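In case you want the letters, here they are:
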Amino acid sequence: MTQRYSDPFSRAFKRQFSITFALIVREMTTRYGTKFGGYMWAVLDPVLTIGILTAIFSAIARTPPLGRSFTLFFATGYIAFYMYRSTSDQVSSAVDANRALLNYPVVRPYDAIIARVILQIATLFVVNAMLFGCLYLVVPFEKLRLEPIFLASTIAIALGVGVGAANIVWFHLSQTYAQIWGIVNRPAFLVSGIFFLPESVPHPFKEYLMWNPLVHVVGLFRSGFYPTYRAAYVEMSYIVGLAIFSLVFGLVLVWMMDAKLREPK
Amino acid sequence: MIRLDHVTKRFKLKGETRYIVRDVTFTIPRGNSIGLIGRNGAGKSTLLKLIAGTIKPTSGKILRHANISFPLGFSGSFNGSLTGEQNVRFVARIYGHDTDQLVDYVQDFAELGRSYYMPVKTYSSGMKARLAFGVSMGIDFDYYLVDEITAVGDTNFKKKCKKVFQEKLHKSDIIMVSHAVPTLREYCSAGIVLEDGVLTYFPDISDAVEMHANNMARR
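For the protein sequence lines, the chains are F and P, in the order given.
Numbering-wise (this note's numbering), the first sequence opens with residue 1 and increments by one.
Numbering-wise (this note's numbering), the second sequence opens with residue 1001 and increments by one.
Source of the hints: derived by calculation from the structure; they are not laboratory data.
Quick caveat, the model's predicted, so the values are computed rather than measured.
Do not take every clue at face value.
Straight-line alpha carbon distances no greater than 27 angstroms define the calculated BS3-like cross-link-like pairs of lysine-lysine that follow [said to hold, decoys possible]:
hint: 1; chain 1: P; residue 1: K1160; chain 2: P; residue 2: K1121
hint: 2; chain 1: P; residue 1: K1056; chain 2: F; residue 2: K260
hint: 3; chain 1: F; residue 1: K260; chain 2: P; residue 2: K1121
hint: 4; chain 1: P; residue 1: K1012; chain 2: F; residue 2: K260
hint: 5; chain 1: P; residue 1: K1061; chain 2: P; residue 2: K1012
hint: 6; chain 1: F; residue 1: K265; chain 2: P; residue 2: K1012
hint: 7; chain 1: P; residue 1: K1159; chain 2: P; residue 2: K1171
hint: 8; chain 1: P; residue 1: K1061; chain 2: F; residue 2: K265
hint: 9; chain 1: F; residue 1: K265; chain 2: P; residue 2: K1056
hint: 10; chain 1: P; residue 1: K1158; chain 2: P; residue 2: K1168
hint: 11; chain 1: P; residue 1: K1171; chain 2: P; residue 2: K1158
hint: 12; chain 1: P; residue 1: K1158; chain 2: P; residue 2: K1121
hint: 13; chain 1: F; residue 1: K14; chain 2: P; residue 2: K1171
hint: 14; chain 1: F; residue 1: K260; chain 2: P; residue 2: K1014
hint: 15; chain 1: P; residue 1: K1056; chain 2: P; residue 2: K1012
hint: 16; chain 1: F; residue 1: K265; chain 2: P; residue 2: K1014
hint: 17; chain 1: P; residue 1: K1159; chain 2: F; residue 2: K265
hint: 18; chain 1: P; residue 1: K1056; chain 2: P; residue 2: K1014
hint: 19; chain 1: P; residue 1: K1061; chain 2: F; residue 2: K14
hint: 20; chain 1: P; residue 1: K1160; chain 2: P; residue 2: K1171
hint: 21; chain 1: P; residue 1: K1061; chain 2: F; residue 2: K260
hint: 22; chain 1: P; residue 1: K1056; chain 2: F; residue 2: K14
Derived Cβ-Cβ restraints for the label pairs, each shown as a range [said to hold, decoys possible]:
hint: 23; chain 1: P; residue 1: Q1101; chain 2: F; residue 2: G133; range: 37 to 45 angstroms
hint: 24; chain 1: F; residue 1: M257; chain 2: P; residue 2: R1039; range: 53 to 61 angstroms
hint: 25; chain 1: P; residue 1: Y1019; chain 2: F; residue 2: S174; range: 56 to 64 angstroms
hint: 26; chain 1: P; residue 1: D1140; chain 2: F; residue 2: S174; range: 38 to 46 angstroms
hint: 27; chain 1: F; residue 1: K260; chain 2: P; residue 2: D1204; range: 53 to 61 angstroms
The beta carbon of each residue, even a glycine, is placed where N, CA and C say it ideally should be.
For reference, chain F alone in the conformation it holds in the complex (with noise of 0.2 angstroms):
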């Protein structure tokens, strides 16, 4: 062995250092940095669907379902959902976005997801750092608890990671698979609890809601920012539970098929 192997445990912790490091930057450079896009976009979506959002309902109702500002209601039904969204996608592309640099040998699969976590984790705040903080100005929320918003935040982007890690491994085995999954997926908009309370949900509809984690973690997420919302419908344990075991079998799905990975399709 050549010497540079000497303090195992250091030098493997100092290369991953290294590795995470060199592909955050390049997906920086890539992602956010040569054209117009990048950025803006990441603050761009959730702002337009708000907006949208908020230009539609305000025209067909009176009131939204909670406070007095449909923009508020949009925007903490919205990012909420967003922030599981914009993550599972954003992992479930980053393997195949630096497929030629796992011709490295030095770099894992693993690397790859784990730079695109931690720099939309970083993009996720930014974002809605400035966006509360200029909703703040507009229409100033009584009182924040922070609890539940960063509860929820965590439960959205552990379940976002878990199942974009998944479906690295599912895509890349299958094309059939991600098709459906695309269109399975979109109506989700629909049915998280978004423009609507799942207290307003007659009968059966109700319990089948309820199913979807989605819900739960939107619902937590609002308590944090309407004072009087109970959302007694949350159920910690079943969102909480869902989250870990996502992000557990997504990153094992991943560990296992890594030689698979970095074979082509």
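Dock chain P against chain F, hints included.
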């Protein structure tokens, strides 16, 4: 030293199983530059990737007690949206090399001019090969895995490659895939013939070339 321990690699193609290597146990000693010869589709490039570690064997183990380069080939190890220079920085970072120093070295070596600061997807295959060659030469490896890449470039660039390779050969070894017999004789002292999943090692490259010629005549 690189050791292959009962290594098997097979692919399934439309229900048919193809073996690249079949239960191969073999040690590649240091101090020899090796030419890897075999017919088209025998799996030479795949074997290089196995040695590099970018693909995993179906069964068996590969032990690497050396610092091995990435496979230098046409398939490209560059991100197309990044510029040549950004790709070089990336490689410097993942191998823990001084970034600015490597960037300067490759700029000087690859002679890409202004294209160095253009996205790699606008490069010709020759330009990509020069970039790949420059990057790997800028980093010190014990083994350089070279996949046909020396065939590219004009005469001046080839001269340059030869010169830097000769310098590297004092400390490092090359494992080279090539169909060009003169190139193999020039760079390699030993040879391996890959045929039907079996590796045959020859301490003298001439013997390997001869066996390959026999193989080709046979089928």
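Evaluated hints:
1. For the suggested pair K1160 (chain P) and K1121 (chain P), the alpha carbons sit about 25 angstroms apart, so the restraint of at most 27 angstroms is met.
2. Restraint check for K1056 (chain P) and K260 (chain F): the C-alpha separation of about 8 angstroms stays at or below 27 angstroms, so the hint holds.
3. At roughly 26 angstroms between alpha-carbon atoms, K260 (chain F) and K1121 (chain P) fall within 27 angstroms of each other, so this suggested pair holds.
4. Our distance criterion of 27 angstroms between C-alpha atoms is met by K1012 (chain P) and K260 (chain F), whose separation comes to about 13 angstroms.
5. Restraint check: the Cα-Cα separation between K1061 (chain P) and K1012 (chain P) comes to about 20 angstroms, which is no more than 27 angstroms; the hinted pair holds.
6. Restraint check for K265 (chain F) and K1012 (chain P): the C-alpha separation of about 13 angstroms stays at or below 27 angstroms, so the hint holds.
7. Note on K1159 (chain P) and K1171 (chain P): the hinted pairing holds, with a Cα-Cα distance of about 20 angstroms set against a maximum of 27 angstroms.
8. The straight-line distance between the Cα atoms of K1061 (chain P) and K265 (chain F) is roughly 24 angstroms, inside the 27 angstroms bound, and the hint therefore holds.
9. Proposed proximity of K265 (chain F) and K1056 (chain P) is supported: the alpha carbons are some 15 angstroms apart, at most 27 angstroms.
10. Proximity of K1158 (chain P) to K1168 (chain P) is assessed by CA-CA distance (about 15 angstroms); at most 27 angstroms being required, the pair is judged to hold.
11. With a C-alpha separation of about 21 angstroms, the suggested pair K1171 (chain P) and K1158 (chain P) falls inside the 27 angstroms cut-off, and the hint holds.
12. As the CA atoms of K1158 (chain P) and K1121 (chain P) are separated by approximately 23 angstroms, the hinted pair is consistent with the 27 angstroms bound.
13. With a C-alpha separation of about 26 angstroms, the suggested pairing of K14 (chain F) with K1171 (chain P) holds against the 27 angstroms cut-off.
14. Using a Cα cut-off of 27 angstroms, the hinted pair K260 (chain F) and K1014 (chain P) holds, with the two alpha carbons roughly 17 angstroms apart.
15. Proposed proximity of K1056 (chain P) and K1012 (chain P) is supported: the alpha carbons are some 15 angstroms apart, at most 27 angstroms.
16. At most 27 angstroms may separate the alpha-carbon atoms for a hinted pair to count; K265 (chain F) and K1014 (chain P) meet this at roughly 14 angstroms.
17. With a C-alpha separation of about 38 angstroms, the suggested pairing of K1159 (chain P) with K265 (chain F) is violated against the 27 angstroms cut-off.
18. Of the pairs offered as hints, the one joining K1056 (chain P) and K1014 (chain P) holds, with about 21 angstroms between alpha carbons and a cut-off of 27 angstroms not exceeded.
19. Only pairs whose Cα atoms come within 27 angstroms are accepted, and K1061 (chain P) paired with K14 (chain F) is accepted, the gap being roughly 26 angstroms.
20. Proximity of K1160 (chain P) to K1171 (chain P) is assessed by CA-CA distance (about 18 angstroms); at most 27 angstroms being required, the pair is judged to hold.
21. A hinted pair counts as satisfied when its Cα atoms are at most 27 angstroms apart, and K1061 (chain P) with K260 (chain F) qualifies at roughly 17 angstroms.
22. Restraint check: the Cα-Cα separation between K1056 (chain P) and K14 (chain F) comes to about 24 angstroms, which is no more than 27 angstroms; the hinted pair holds.
23. At about 43 angstroms, the beta-carbon gap between Q1101 (chain P) and G133 (chain F) stays in the expected band of 37 to 45 angstroms.
24. Checking the proposed 53 to 61 angstroms range against M257 (chain F) and R1039 (chain P) shows it is violated: the Cβ atoms sit about 31 angstroms from each other.
25. Restraint check, Y1019 (chain P) to S174 (chain F): a C-beta distance of roughly 26 angstroms breaks the suggested window 56 to 64 angstroms.
26. Range check, D1140 (chain P) to S174 (chain F): about 42 angstroms between beta-carbon atoms, so the 38 to 46 angstroms window is met.
27. Range check, K260 (chain F) to D1204 (chain P): Cβ separation about 39 angstroms, and the 53 to 61 angstroms hint is violated.
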